[in-house]
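> Listed below are the residues making up each chain.
Number of protein chains: 2
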Amino acid sequence: MPSIIESVPNISEGRRAEIVAAAAAAVRRVPGVRLLDVQSDPDHNRSVLSLAGDAGTLKQAILSLFEHAVQAIDLRSHQGEHPRLGAVDVVPFIPIEGATMQDCVALAREVGEAVAERFAVPVFLYEEAATAPHRRNLEDIRRGQFEGLPEKLKDPQWAPDFGPSQPHPSAGATVVGARAPLIAFNINLGTQDVEIAKRIAKAIRHSNGGYRYVKAMGLLLQQRNVAQVSINMTDFTKTPLHRVFESVRAEAARYGVNVIGSEVVGLVPAQALIDAADYLLRLESFNPSQVLERRMREVE
Amino acid sequence: MPSIIESVPNISEGRRAEIVAAAAAAVRRVPGVRLLDVQSDPDHNRSVLSLAGDAGTLKQAILSLFEHAVQAIDLRSHQGEHPRLGAVDVVPFIPIEGATMQDCVALAREVGEAVAERFAVPVFLYEEAATAPHRRNLEDIRRGQFEGLPEKLKDPQWAPDFGPSQPHPSAGATVVGARAPLIAFNINLGTQDVEIAKRIAKAIRHSNGGYRYVKAMGLLLQQRNVAQVSINMTDFTKTPLHRVFESVRAEAARYGVNVIGSEVVGLVPAQALIDAADYLLRLESFNPSQVLERRMREVE
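Chains as they are written, first to last, in the working numbering: chain A, 1 to 300; chain B, 1001 to 1300.
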């Protein structure tokens, strides 16, 4: 079966549409790659590309993206609200189907090494690909940003995993790694009381004693006048959607409030939804190969 | 987006493994086709192939299957428990993704015409492709079987839709059509009382006033000593899995019985499970394009 890996490179350009379009074209011209989505944020001055393919295809696509971005983006004149280290700022690899996290870690190392060699850009490995615990967290790696790189790279704690120990003059440095799929999942409550949403968020999130792979906050949807628990699911294979949903429902009931709906923002792996169906229907020993579209890929 | 259509041809050979293997090979050699499954039943003396692809690919694959089957299978010496009319007995086309029922009806007509012309086999169109209401039902078309064909074909009510009005001497006739995906879905009860399963089956099935696209019966799983409602879902897009599950749960509760599990037998379109997740999670305006694997196919 051909494996499916997703990559979500973030580039430091969200204003000049022609540069973003050329970056997308650089990815798309690699045979076999699927460019699933491109989103630009002018305030952040940053664009997020979503692509999928097998390991070899993604390596080509990321190198092709670098070729364009290193030429077209100059961090010395880049301004935006979002912290960034480089022209291609961060490149995560995400196992979707027929690929393990270890496959993605290996791919991150391979791509990181190739990028450093070909473009003289220092590369940090992060998350599951990190080479030390203090280098796991993206925010920690990015602290100090592009402007702080010359200093940071001198610190032995922050020596790059690949490439030179000084930043690329215009393209800075890049963070490459492997992580589980992120799912943006919001649950809407039948109340305008944002305090209830905040209390529920606190109950379910990891940082306050909740589920390990949940980040959450409570907010008010101004237009609908509806309180929302806004959730980032950082590993649905270990903390599944349906469990979080049921917990939010139970916590809301404790305040006499109903769950009126939920939403998935952006892309979601089929398996996350199939797991929820499996739970609802109490399926006994259901095998992913029974899903017709998946079987199709398996017999390819 | 490349469309996905499924076809589940049934051939009248379930004992001679070499004939079945050659039939599978005849299908598999068509570029682009995916042979998902082959199941042979020696008592029925019949095999069921599951294949998927786009319309053009499936047409090629079915013609290739006929080429082999018409040569290798002789109905004059065929015996088995399952009723049958021909060497290739029935060929349904099933819309899975990016294809409508109308596309499958058009494909059934096209394949039926080509089969009749190339192999001199009379073809009946059935289900959604039927040309008259009394010709919709497969059982009605097949009544009288291979042995009754010469007589049946003389009846103006049963003139074939394509091909000669006498059967092919050895390959008989074939039924080609279009239908919704079938899902075999069984729900297990926390009781040994098969009467409860039978009463629930009666409550949910179409023939007794239940859901339009549900066939069901109650039975006892001897090995587990568990009563089961065994269900055929004939159109999950109109009668969804989760609605039937919830009804069975409610009916069982009326007897003080719990649902202890369920099982999907064989293949199931991803959408049937995603619909169940959508129901559980109360998703608001979820779009199938948000499923990563599906988006991948869309950008192909």
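Simulated from the structure, these hints should not be mistaken for laboratory data. Computed from a predicted structure; not experimentally measured. There could be a bad hint or two in this list.
Claimed, not checked - Derived contacts from chain B toward chain A, CB cut-off under 7 Å, selection only:
(1) Val1048
(2) Ala1052
(3) Asp1054
(4) Asp1103
(5) Leu1153
(6) Pro1156
(7) Phe1245
(8) Ser1247
(9) Gly1261
(10) Leu1281
(11) Leu1283
(12) Glu1284
(13) Asn1287
To be verified - Which chain A residues face chain B? A few, computed with CB under 10 Å, are given here:
(14) Ser50
(15) Gly56
(16) Asp103
(17) Ala106
(18) Ile187
(19) Met217
(20) Val257
(21) Asp275
(22) Tyr279
(23) Ser285
(24) Gln290
(25) Val291
Where a beta carbon is used, it is the ideal one built from N, C-alpha and C, also for glycine.
> A closest beta-carbon separation below 10 Å is what the hint needs, so does glycine 56 of chain A meet it against chain B?
violated (16 Å)
> Answer holds if the nearest beta-carbon of chain B is closer than 10 Å to that of alanine 106 of chain A; otherwise answer violated.
Given a least distance of 21 Å, the restraint on alanine 106 of chain A is violated.
> At a threshold of 10 Å, is the proposed contact between serine 285 of chain A and chain B supported by beta-carbon distances?
holds (7 Å)
> How about glutamine 290 of chain A: closest beta carbon in chain B under 10 Å, or not?
holds (6 Å)
> Was the hint right that aspartate 103 of chain A lines chain B, CB cutoff 10 Å?
violated (17 Å)
> Measuring from the C-beta of aspartate 275 of chain A to each C-beta in chain B, is the shortest one below 10 Å?
Given a least distance of 8 Å, the restraint on aspartate 275 of chain A holds.
> Let's test the interface hint: is any C-beta of chain A closer than 7 Å to that of aspartate 1103 of chain B?
With Cβ-Cβ at 17 Å, over 7 Å, it is violated.
> May I ask you to test the interface hint for leucine 1153 of chain B with respect to chain A, counting a Cβ-Cβ separation under 7 Å as satisfied?
violated (36 Å)
> Answer holds if the nearest beta-carbon of chain A is closer than 7 Å to that of valine 1048 of chain B; otherwise answer violated.
Violated: closest Cβ of chain A sits about 15 Å from valine 1048 of chain B, beyond 7 Å.
> Have a go at the leucine 1283 of chain B hint: is there a Cβ in chain A nearer than 7 Å to its own Cβ?
holds (6 Å)
> Verify the interface restraint on proline 1156 of chain B: the C-beta must sit less than 7 Å from at least one C-beta of chain A.
violated (40 Å)
> Please verify that hint: isoleucine 187 of chain A, Cβ, nearest Cβ of chain B, below 10 Å or not.
holds (8 Å)
Hints 1, 3, 4, 5, 6, 8, 13, 15, 16, 17, 19, 20 from the list above are not met by this structure, while the remaining hints are.
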